[in-house]
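Residue numbers (my numbering), protein chains in the order written: chain Y, 1004 to 1219; chain D, 10 to 229.
What the hints contain is simulated information worked out from the structure, not anything from laboratory work.
Where a beta carbon is used, it is the ideal one built from N, C-alpha and C, also for glycine.
Check the hints yourself; a few may be wrong.
[To be verified] Pulled a few chain Y residues facing chain D out of the computed Cβ check, cut under 7 angstroms:
{"no.": "1", "residue": "1066"}
{"no.": "2", "residue": "1069"}
{"no.": "3", "residue": "1081"}
{"no.": "4", "residue": "1162"}
Next come the chains, spelled out residue by residue.
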Amino acid sequence: MIRELAPLDLYYLVLAVRWTVALTLLALAGGSIIGVFVAAGGAAHHALPRLLARSYVGLVQGIPLLAWLFIFYFGLSIVGYDLPPLIAATVGFSVYAGAFLGEIWRGALIAIPRTQWEAGTAIGLTYLEQLRHVIIPQAVRIAIPPTVGFLVQLIKNTSLAAVIGFVELTREGQMTTAATFQPFAVYLLVAALYFSLCYPLTRYSRILEGRRRVVR
Amino acid sequence: MSYTFQFRDVFAQRDAILDGLVVTLELSAVTITLGFVLGTLAAVVLVYGRPWARRIMRMYIEVIRNTPLIVQLFLIFFGLPGIGIRLDVMTASVLALTINLTAYTAEIVRAGFESVPKSQLEAGVSLGLTGPQIFRHVVLLPAIKAVYPSLTSQFVLLMLATSIVSQISAADLFHAGSIIQSRTFRDFEVYTVISLLYLSLTLLMRGGFSLLYHLLFRRP
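Start from the sequences, fold in the hints, and give me the full structure.
Quick look at the structure:
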């Protein structure tokens, strides 16, 4: 049944932002765990972990995110788990985020000069102590601006969870459109809501980037 | 787990897959060409334009880069008819993808322009080159060379992102996947095959672009 676009519809759209944010945070958490392994593997001295990390990144980045979502959505149900879309989406986005975060963090790790490691050895630190006190504090500063930048990509890409039926901002927009038949106004509002989430982060990432240049 | 994988039904539908593959290739080729040309022009405006033109270009880029492609596509395909502009599926797809890619390309090429040192321009002037000559030989080519890796990764990402047009029923590779899925109910197998095809396209594009790099920027 077609009805007017009511204030309540706008309210529901704003509320749906919660699920976009929730999915982003879940994917960020899952992606960080995978990303740490990808970064460590990619920066390792041995060839095997490097090969594994590179293959993982190449595989994830070589297939559309939409396809990953479908693979996990249908794939997990084959294995016998009848999972709600939130879980399938979280798994799919974590796999995706893990590859990108892993690449960003690997880049930060290998940007630290070898001499820093050697200095750690010279003052008698073990490998893990070198990582904790020498390498990671410096790498984090390099990694934070692009990580915040990637967060913007992640927020935008959670919109694809709509196609497997997870009700976040874009899906809510589709449902509101179906009820009110005001697609132009609704999608404009949806876009504005995404913009208000992403733009501050984009700015913040740029400020951090600028600050880092000044420090160095 | 008692599921048996059956790819036979999927391979029986290879004509549908091939048709979709062709559409994905066409869509990517057209969009990348348009996006590269328009994005470079946009970057020229960003760097050399008048302040008001720069400001408008900046706004366009920020709006596009901070909203999802699928929402941009829905706005163009489902939203525009509401204000009297009705586009067919392919036009809407090319339009949305081009508007999107142009914004990203402009940012990348702008960074390339800004990486050219001022002294290079002065060297061009003192060699007696004209403005357009300086732009072409001293600014454009070195700028593209400097940002070539980011530019081509963006193009690969665009090719993968064309899969999103399946959501407005454009007959691309991904859409072929959903059609075969509804015919065979072999969802997991279908999307595995489709994914491997996208992966091959990615590898082919990367290979092609690095070949192109050697052809374009090799020093005699």
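With chain D as the partner, please determine if residue 1162/Y meets the hint condition of a C-beta pair closer than 7 angstroms.
Given a least distance of 4 angstroms, the restraint on residue 1162/Y holds.
Are residue 1069/Y and chain D close enough, Cβ to Cβ, to be under 7 angstroms, as the hint says?
Holds: closest Cβ of chain D sits about 5 angstroms from residue 1069/Y, inside 7 angstroms.
Does residue 1066/Y pass the interface check with chain D, least Cβ-Cβ distance below 7 angstroms?
holds (5 angstroms)
At a threshold of 7 angstroms, is the proposed contact between residue 1081/Y and chain D supported by beta-carbon distances?
Holds, because the Cβ-Cβ distance from residue 1081/Y to chain D comes to roughly 5 angstroms (cut-off 7 angstroms).
The earlier numbered hints are all upheld by this structure, with none contradicted.
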